[in-house]
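**Student:** Read off the chains here:
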Amino acid sequence: MTQQELYRDTFSALRPSEARVQEVMDMTNSKTRRRRLGRRTLGALAACAALCLMVVGANAATGGAVMEWVLSVVEMEDPFRAGATLEDGSGVDIVLQRAWVEDRDGRAILVMPGEEVDITQALETDGVYHYQGTAEGWTLRAQVTGTAEDWTITVEAEDGSGQQERYTFTAHPEEG
Amino acid sequence: MTDEEFHGCVERYADTVFRVAFQSLRHRADAEDVMQTVFLRLCESRTPFQGEDHLRHWLIRVAVNESRKVLRSFWRRRRVELEEWQEPAVVENTAQQALYQAVMALPEKYRVSIYLHYYEGYTVREIAQAMGAKPSTVQTWLMRARDKLRGELIPLEEGTI
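Taken in order, these protein sequences are the chains called A and B.
The first sequence begins at 1 in the numbering used here and counts up by one.
The second sequence begins at 1 in the numbering used here and counts up by one.
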């Protein structure tokens, strides 16, 4: 067997899951600009009953020093918040930035948990976009202001039982 | 394009689009997302395709471009990597494992160009069109990829390009 044949044999086994292919087939049922997204945008921690990961960060509590934390037993409390356990057994809440705006070929795309929306027109015309949708059993309402590069998103998540959570995410043009 | 025609395209090219995206992203879920994006673009496209080759080239070019968008995305730059890019289902023996590991360790442009050449049978000119690069640049990528693989494997045959 030549190496080229070996290459083809090796990579011919690399195939998408049947479930995802079926999702693609089913797209003909809906061709709106609001589309359901796959596992990538469910976030790194969503739908995981137990997970171990390392988070690197710095904040006021560390005096600005970079620290590393190993987290385990991560459970999603809402689409943007996860409860995790540190190595010493103490609990910690993590806020996941699962809402943001991307500039794609000049279009401003709002990315929310499980969905994307082209909000270019709204931002250009009104300077604001109001979003409403659902994700993981929660109703999400968001207000987006700014531009594709410099934006602020305020999200309210409600679970139907009256529990509400509010988050603000923002991004500014990278300097330099 | 009718629903039947679309479904036929998906059946014929889902594997190809997924593999192109996986070569770029080395992440199954991301590659499947790109696959979905590419076929959504096909759904929405009004491009009149002049034959099967034209359609295939279009799908691969869109897969390359959409994969690059993912690589540049806000989320991917900031997320925590949770899993290695090993694909146990792909590897059946040590030779395949060695080749898979060596190829996946190559830089992204080399991986994609190697895949398009040795798997899809693309010429250098076709790879250049798909990746938005000059043919001379693609030649360099292929040469450097072979050089990097040469240390661990029997060199891939250069073939006809």
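Hints may contain errors.
Derived DEER-like restraints, expressed as beta-carbon distance ranges [unchecked claim]: (1) 160/A with 49/B: 40 to 48 Å; (2) 17/A with 41/B: 36 to 44 Å; (3) 147/A with 132/B: 23 to 31 Å.
Here are some chain B residues the structure puts well away from chain A; computed CB gaps all over 10 Å [unchecked claim]: (4) 7; (5) 10; (6) 14; (7) 15; (8) 19; (9) 36; (10) 49; (11) 57; (12) 95.
Treat the hints as calculated values from the structure; they're not laboratory data.
Virtual Cβ for every residue (Gly too), placed ideally from N, Cα, C.
**Student:** Next, verify each hint and record whether it holds.
**Tutor:** The hints, checked one at a time:
no. : hint                         : result
1   : 160/A with 49/B: 40 to 48 Å  : 46 Å, holds
2   : 17/A with 41/B: 36 to 44 Å   : 20 Å, violated
3   : 147/A with 132/B: 23 to 31 Å : 26 Å, holds
4   : 7                            : 6 Å, violated
5   : 10                           : 5 Å, violated
6   : 14                           : 5 Å, violated
7   : 15                           : 5 Å, violated
8   : 19                           : 5 Å, violated
9   : 36                           : 5 Å, violated
10  : 49                           : 17 Å, holds
11  : 57                           : 19 Å, holds
12  : 95                           : 6 Å, violated
Checked against the numbered hints listed earlier, the structure breaks hints 2, 4, 5, 6, 7, 8, 9, 12; every other hint is satisfied.
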